[in-house]
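Let the hints inform the model, and build the full structure from the sequences given.
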Amino acid sequence: MPVGMSAGTPAGAAAGAPAGAAAGNPLLMRSTSRARVVKDVAARVAMWLAALIVLVPVILILYYVAAKGLPTMDWEFLTQPTPYSMRLRGGGFVNGLIGTLLMVVLAAVVSIPLGLLGAIYLVEYGKKGLLAQVIRFFSDVMTGVPSVFVGLFVYTAMVIPFGFGVVMGAASLAIIMLPIVVRSSEEMLKLVPRELKEASYALGAGHWHTISRVVLPAAAPGLTTGTMLAVARAAGETAPLLLTALSAQEIVTRLVGEATASLPVLIYYGARNPFPAGQERAWAGALELLLLVLVFTLLARVASSRNRLWQ
Amino acid sequence: MSEEPAFRVRDLAVSYGSQVALKDVTLDIEPRKIIAIIGPSGCGKSTLIRCFNRMNDLIPGTRVQGQVLYHGQDIYANDVDPVTVRRNVGMVFQRPNPFPKSIKENVAYGARINGYKGNIDELVERSLRGAALWDEVKDNLNRSALALSGGQQQRLCIARAIAVQPDTILMDEPASALDPVATSKIEDLMQELKERYTIIIVTHNMQQAARVSDKAAFLYTEVNEAGTARWGVLVEYDDTSRIFTNPRDKRTDDYISGRFG
Ligand SMILES: Nc1ncnc2c1ncn2[C@@H]1O[C@H](COP(=O)(O)OP(=O)(O)O)[C@@H](O)[C@H]1O
Ligand SMILES: [Mg+2]
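These protein sequence lines map, in sequence, to chains A and B.
Per the working numbering, the very first residue in the first sequence carries number 150; after that it's consecutive.
Per the working numbering, the very first residue in the second sequence carries number 18; after that it's consecutive.
Everything labelled a hint here was simulated from the structure, so no lab data went into it.
For every residue, glycine included, the Cβ atom is placed at its ideal position computed from N, Cα and C.
Hints should not be assumed to be uniformly reliable.
[As the list claims (entries may be wrong)] With beta-carbon atoms standing in for the labels, derived distance ranges:
(1) Ser193/B x Pro262/A: 57 to 63 Å
(2) Arg160/B x Arg193/A: 35 to 41 Å
(3) Lys134/B x Leu443/A: 46 to 52 Å
(4) Ser35/B x Ile202/A: 49 to 55 Å
(5) Asp156/B x Arg382/A: 29 to 35 Å
(6) Pro206/A x His221/B: 52 to 58 Å
(7) Arg183/A x Arg80/B: 54 to 60 Å
(8) Ser193/B x Val207/A: 55 to 61 Å
(9) Ser35/B x Leu443/A: 53 to 59 Å
(10) Leu237/A x Arg160/B: 44 to 50 Å
(11) Ala192/A x Arg80/B: 58 to 64 Å
[To be verified] Partial list, derived from the structure: chain A residues whose beta carbon lies under 10 Å from chain B:
(12) Ala351
(13) Gly353
(14) Ala408
Structure follows, in structure tokens:
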């Protein structure tokens, strides 16, 4: 922020103070009219209400998932695979946890670097050119495509020739993540002040040095947030995995050609079966998935704030 | 003139797209002098100073005609890499723009990307001393540069520029965002820097130009008869003492005596 502004001019200080403080000075009193105070209070209350209304469903979901999931979530649940029958108690979702971790990590390893490079291309090289506009357009279209279509595409392209598997599931997740990473990263890279880039060029840095040493570090926190949004979205996808990874009761042993469980698909199967034991596991699975996304996000936040020195 | 000029500018014209911003600029800049570029807002001072290190290349659609000879070599020739130019001609901007990195990494930035072989710590200390900032920051080299005051940030930007070991430093209104105390520190610093560097400074502030510079270039905006186009021209370029006491051109006289601008 501009340094000279912090001192605050007398007029600025008075405007922020209660109306009574300006009593006796007609010049300052005129600016805080009654109608303005009322409008200000009304706007404030409206914003607080809006924020509260947004928070209500989030808190209810968190509460409900925790209340229903915690009783079943024990060491056995975290470390054992799903029993062969929904009717049986015990067992857990470790097969789904491992499947989800494998697929999400694989999808992230492919889509995050690719999406980041794409965003760098859009902001630093393509700009308003034809190719850049085409990429932007199709990214937007891809973000809107229902994920089951992505599943069908991967089913046709990969599952029919090679069978179900982690790789197929990861491919569909990567396709879903890629446009999100591209577009959110583009927005973040655009926020890097031009002054910083100019400073770098003026010191004799080339284009790539400026991108890698100034633009990316400066944008890192925002890039992380956008990327984590994509990871969270992928971790919760169910429909494409039904078509590409299917599910299994055992822990996966091969990356290709073996049906693989994932947390969302296990939750889906558990939730729509009639037996209480299966349903309880689904609740615990939902809680596990929620915590997983939370841990991912927190780790990424810590990692990206580590190296940054924005005050 | 005893010495070969650091820069010779010949018939320089700059346009942004179809709009001409600056025309007919011809001047020589002697080494190890402070040259002030003065003139009203929008007359092309920034445009001119950005020609000396090819910063205008970064703005799409900018066209530069004429010649800018740096120690005899045309920096706009086809085979010249602007990166090489900028390693020799440093720049300090109007708003301090340190990187969101530590003080040390700010100063070391140019050296690191240029593959500097020497001792980085020594370079950082030497550059910070050169920018009269060492005593204030020597115990906090790993702190964020953004925690410094505006005046300190600007001196850090100067340290960062001299760490690349240029022979010319361009300053585009380097003190216009600073308070008077910080401004006078920068001005004192400029007097020290001119022992080793050629300094070209844009300033809005007549007193500042009169105080610090050896020579001054006065730019002024010309308007075509229809009033549809305006561009900057170099009206007068002379010793600062002459510009401020006995200018040749009436427009210069009017401007420095505050009759317009
Ligand atoms: N990036 C740009 N694109 C188009 N026109 C510009 C750009 N930068 C400056 N100009 C125009 O060029 C003229 C000179 O600008 P500038 O060199 O910034 O003036 P000064 O620094 O003297 O205030 C102005 O009319 C300004 O509007
Ligand atoms: Mg300017």
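Hints, one by one, checked against the model:
| no. | hint | result |
| --- | --- | --- |
| 1 | Ser193/B x Pro262/A: 57 to 63 Å | 42 Å, violated |
| 2 | Arg160/B x Arg193/A: 35 to 41 Å | 37 Å, holds |
| 3 | Lys134/B x Leu443/A: 46 to 52 Å | 47 Å, holds |
| 4 | Ser35/B x Ile202/A: 49 to 55 Å | 52 Å, holds |
| 5 | Asp156/B x Arg382/A: 29 to 35 Å | 46 Å, violated |
| 6 | Pro206/A x His221/B: 52 to 58 Å | 55 Å, holds |
| 7 | Arg183/A x Arg80/B: 54 to 60 Å | 57 Å, holds |
| 8 | Ser193/B x Val207/A: 55 to 61 Å | 47 Å, violated |
| 9 | Ser35/B x Leu443/A: 53 to 59 Å | 55 Å, holds |
| 10 | Leu237/A x Arg160/B: 44 to 50 Å | 60 Å, violated |
| 11 | Ala192/A x Arg80/B: 58 to 64 Å | 49 Å, violated |
| 12 | Ala351 | 4 Å, holds |
| 13 | Gly353 | 4 Å, holds |
| 14 | Ala408 | 48 Å, violated |
When held up to the earlier numbered hints, the structure conflicts with 1, 5, 8, 10, 11 and 14 and fits the remainder.
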